[in-house]
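Peer 1: Build out the structure end to end from the sequences listed, making use of the hints.
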Amino acid sequence: MSQQSEMHLFAPGHSGCPGCAPSTVLIHVVDTLGKDIIVVNATGCMEITSSQYPHSAWRVPYIHSLFENAPAVASGISAALKAKGNHHTKVVVIAGDGSTYDIAFGSLSGMLERGDDVIYCCYDNELYANTGVQKSGATPIGAATTTSQAGKVHHGKEKERKPIVEIAAAHNIPYAASASIAFVADFQAKLKKAAQISGSKFITVNAPCALGAGFDGSISMKVARLAVQSRMWFLFEYENGFFKLNFNPKVAKPVAEYMQLQKRFRHLTPEEIEKIQKLCDHHYIEMLERQKASDAKKIVFDAVTQPPSTPPASPSAPAAPKT
Amino acid sequence: MLIPLSKPGTTTDIKTGKWKTHRPTVDPKLCTKCAICQNFCPEGIMGTPREIPVIDYDYCKGCSMCMVECPFKAITMVAEKQEL
Chain G
1 MSQQSEMHLF APGHSGCPGC APSTVLIHVV DTLGKDIIVV NATGCMEITS
51 SQYPHSAWRV PYIHSLFENA PAVASGISAA LKAKGNHHTK VVVIAGDGST
101 YDIAFGSLSG MLERGDDVIY CCYDNELYAN TGVQKSGATP IGAATTTSQA
151 GKVHHGKEKE RKPIVEIAAA HNIPYAASAS IAFVADFQAK LKKAAQISGS
201 KFITVNAPCA LGAGFDGSIS MKVARLAVQS RMWFLFEYEN GFFKLNFNPK
251 VAKPVAEYMQ LQKRFRHLTP EEIEKIQKLC DHHYIEMLER QKASDAKKIV
301 FDAVTQPPST PPASPSAPAA PKT
Chain U
1 MLIPLSKPGT TTDIKTGKWK THRPTVDPKL CTKCAICQNF CPEGIMGTPR
51 EIPVIDYDYC KGCSMCMVEC PFKAITMVAE KQEL
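Order-wise, the sequence lines are chains G and U. Residue 170 in my numbering sits at position 170 of the first sequence, with consecutive numbering throughout. Residue 65 in my numbering sits at position 65 of the second sequence, with consecutive numbering throughout.
If you are wondering where the hints come from, they were derived from the structure by calculation, not from laboratory data. Everything numeric in this text was worked out from a predicted model, so none of it was measured. Errors might be hidden in some of the hints.
Unchecked claim - Straight-line alpha carbon distances no greater than 20 Å define the calculated EDC-like cross-link-like pairs of lysine to aspartate or glutamate that follow: (1) K250/G x E289/G; (2) K73/U x E47/G; (3) K7/U x E6/G; (4) K292/G x E160/G; (5) K15/U x E47/G; (6) K15/U x E166/G; (7) K162/G x E286/G; (8) K7/U x E47/G; (9) K18/U x E289/G.
Peer 2: What follows is the structure, encoded as structure tokens:
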């Protein structure tokens, strides 16, 4: 066996499609978090491709139960580790967007509410790829899938995606972030930050599916990068309730440039693309406002929580000389 | 007795390199060791970051992602010889 195939904690030879971006996500998750982890995998593409009996691509402890209970299983493992006095092993959930946004949403909400010490990492490929390209809660507006067909009556998905990071952050968890696989350093930094914090952590990573979205596997990273550059996807984080926008270029690329690479958007008329462009701009302004509000909140928070290092001289100081 | 057990990292038994029609070849003169291809490779078989990529063709599926992402055009795709 060659040295290259031994390098990562996620082995090659898995049956992912050529140019599968979620596979890259897994390599970075396990390599960044190291060997001392327990991976809980929900059903999805990455479970199917990495653990075909009798093979396994994982070189770390791994458990797969069902589609809807990965956060519940992780909660149990986390509690068991706590009971055994193990405070170093991290529990990592790896789930797709179908599991996170739709099927395991209830148990995810429960896990976040209980505040179990788990890192939840969702690879968001924006559809159910494993079962044959169905619409999920993460599918962007206008995208055609087998259950949101483009025809005479309907033109792809009619609603926008769920704001899952905001929903997760609304559970008052210490860390919730959105990342993209095309911005690897940012993603790794977020994973490292999540590993340092105790409590529930939630990260969702945009990793487009070549097969489902209809583009060649070679441009997977290009599509992921364009999604961020055209403001279809934002890189941001919520840390202890404070918002931070991580990627904020002055000039955005047009949404049409991101869409023309993918088959799932080819039915859209110029008017519809214009409408989606407006929605993206609207979201961007929302993000800027959120950043402004968070900055203002931080100034007040710092003033309230941190006592001043040098107490101001008051007129009624006890050191005043007696008369 | 048959034990239903998958051992860690055993997908390396499956040589997915058979899938490819084109193989990536690295030109060491143009390579600047920027590690972009090594970070993006979905198989993780392009060798140590910050070194000239050494590709394990046993597992390379030939997706051409490394060729597209290389900013210095140091990787080219060469057609595989057909085995009969």
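Peer 1: Checking one constraint from the list: CA of K15/U to CA of E47/G, max 20 Å. Satisfied?
Peer 2: OK: K15/U and E47/G at ~19 Å, within 20 Å.
Peer 1: For K7/U and E47/G, compute the direct alpha-carbon distance and say whether it is at most 20 Å.
Peer 2: holds (15 Å)
Peer 1: So if I understand the rule, the pair passes when the alpha-carbon distance is 20 Å or less; does K250/G with E289/G pass?
Peer 2: holds (15 Å)
Peer 1: Is K292/G within 20 Å of E160/G, Cα to Cα?
Peer 2: violated (24 Å)
Peer 1: What's the verdict on K162/G and E286/G, does the C-alpha distance respect the 20 Å limit or exceed it?
Peer 2: holds (15 Å)
Peer 1: Please work out if K73/U and E47/G have their alpha carbons no farther apart than 20 Å.
Peer 2: violated (34 Å)
Peer 1: Are K15/U and E166/G close enough, with their CA atoms no more than 20 Å apart?
Peer 2: violated (42 Å)
Peer 1: Under the criterion that the straight-line Cα-Cα distance not exceed 20 Å, is the pair K18/U, E289/G satisfied?
Peer 2: Violated, because 52 Å separates the two Cα atoms, which is more than 20 Å.
Peer 1: Between K7/U and E6/G, is the straight-line Cα distance small enough, at 20 Å or below?
Peer 2: holds (15 Å)
In summary, the structure is inconsistent with hints 2, 4, 6, 9 from the numbered list given earlier, while agreeing with the others.
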